[in-house]
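K.L.:
Residue numbers (my numbering), protein chains in the order written: chain U, 4 to 99; chain A, 690 to 1178.
Rather than coming from a laboratory, the hints here were simulated on the basis of the structure.
Hints may contain errors.
Label pairs and their computed distance ranges (CB to CB) [to be verified]:
no.	chain 1	residue 1	chain 2	residue 2	range
1	U	L79	A	E961	50 to 60 Å
2	U	L66	A	G756	27 to 37 Å
3	U	V84	A	K923	20 to 30 Å
4	A	G1099	U	L18	29 to 39 Å
5	U	G74	A	E708	44 to 54 Å
6	A	K923	U	L44	31 to 41 Å
7	A	K1167	U	G74	45 to 55 Å
8	U	E33	A	L703	50 to 60 Å
9	U	R67	A	L1026	30 to 40 Å
Backbone N, C-alpha and C define an ideal beta-carbon position, used for all residues, glycine too.
Next come the chains, spelled out residue by residue.
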Amino acid sequence: MAKMTKEEVIEVAHLARLAITDEEAEHFAEQLEAITNAMELLNELDTENVEPTTHVLEMANVLREDKAEPGLPRELVMKNVKEQEAGQVKVPTILD
Amino acid sequence: MKLADKTAAELQELIHTKELTIADLTEKTFKRIEELDSDVDAFLALNQEQASSQAAEMDQVPFEERGPLFGLPVGVKDNIVTEGIETTASSRILEGFNPIYNATVVEKLRAAGMVIVGKLNMDEFAMGSSNENSYYKNTKNPWNLETVPGGSSGGSAAAVAAGEVPFTLGSDTGGSIRQPASFCGVVGMKPTYGRVSRFGLIAYASSLDQIGPVTRTVKDNALLLNVIAGHDEKDSTSANVDVPDFAAALTGDITGLRIGVPKEYFAQGVGESSVKAVKDALKVLEEKGAICEEISLPHSKYALSTYYLIASSEASSNLSRFDGIRYGYRTEKAGNLLDFYMNTRSEGFGDEVKRRIMLGTYALSSGYYDAYYKKAQKVRTLIKNDFDKAFEKYDVIIGPTTPTPSFKIGEIIDDPLTMYANDILTIPINLAGVPAISIPCGFDNGLPLGLQIIGKYFDEETVYRVADVFEQATDFHKKTPHIWEGAAQ
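Please take these sequences and the hints and turn them into a complete structure.
P.N.:
Pasting the structure below:
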């Protein structure tokens, strides 16, 4: 496994939609390098023939009847919207 | 009359003999919070107005229609959504968020007639072991206000230890109920994964998260689990299994019970005081007829790395929903769409949350997925197999909850790996999905120590029975912090 460099931190932060400064990237790189180094411990184990566990209980897909039900009233849904106009969510101008 | 040390049964006795009304109890609860919480800082939002009017109405309900927790106050961790009460998960990104529905557990509390007094501080999005990752405040440990209450359900444990409220709900992803329960000298149960609905729990790591009760006694804990347990069609991972009466499991009899004691839980890094307290506790259980044998859970040392890969990966996915559009914090620095998202999230999330999002994004990214995420899922299987094998022969597994007692605020916050090591003894349990409780079992320099009792899948009953036998044979749960002495309520 590779160590986490400052450049990788910047790349990962971008993928995760986090803005970070150069200084922060350096700090996070140090910490994440220590953390990913500790994770290397797992390489001691031979897991070639081990099935991965995604869920601890034996459970199949849970399906419900495909039946339309009324949604929440609009005013309730809009309750936590910061800016709105005519019952719509308003967002800042994002096109240059 | 002081009420802080009363159990549910004692409070109901006072109410039934008309020495106390639900309205009085509610008022006294808020007074005690007002007295002590300026020091403890366990609560974020209080629900005083609604609680008071609810309490007055509830006094009119005939006694025969009331259950064992009817009219009793309860606090709720701030990552559990409560309609009409601000819910932030202690994050800036949810500042002012006012949920439009209740979590299933909250509906269940209300159906049982419990009075919700407020929301409890936590590490942001349940990521942390000290409550220092809250955007809003540092909760203090009632036993020593210079030390941390543990985390992430630090507010839930501290509020109970301070006697501010007899019941709280927490959530536990890698130890977040048990570690603070241990640090604060209270009883904290992480039920089997799937036992309690996660609907309305703000997701951190969905394959590990579980809601559970925090209380001062084992019996009260079992009563609160009775209220919140059960299948929920709104949570597709909730288990469709029968819910027993957990309180009825406290028979006081553990004759012939087989206890496995994993040698890895007493290894390097686990402090002397924790080791000694647990060994003494095992002697108590042996005197009560249990049989203790040393066992091995050989993959224990891999649990921490496995957990941080899986939990961070799930977190990076779960927390991608916070984008500043429909609810929550929104940046002033919009620029283009990408800047809008990136600034909103950077300003809204704290450092530990960012670290885990980045670690998870990295572990899931192309080229690393097999080496990190899939590898961790495979090791998770090995850890789960350790427990399955041990439980073929033993009824419960017992060890310390944490390697050490609580530590000073600020002491290790800048050292993530040392902070993570707090959870080495609780994390394997979440990876396996089995239930486990922490109960008080001793003190080190005035700070509480916890005994961890781990059970088979859906066998919370045996866990409670063992915990109750220990509690009845000892008086650790009767000790209270010094801050109780000056309180008028």
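K.L.:
Go through the numbered hints given earlier and state which of them the structure violates, listing their numbers in rising order.
P.N.:
Violated hints: none at all, because every hint is consistent with the structure.
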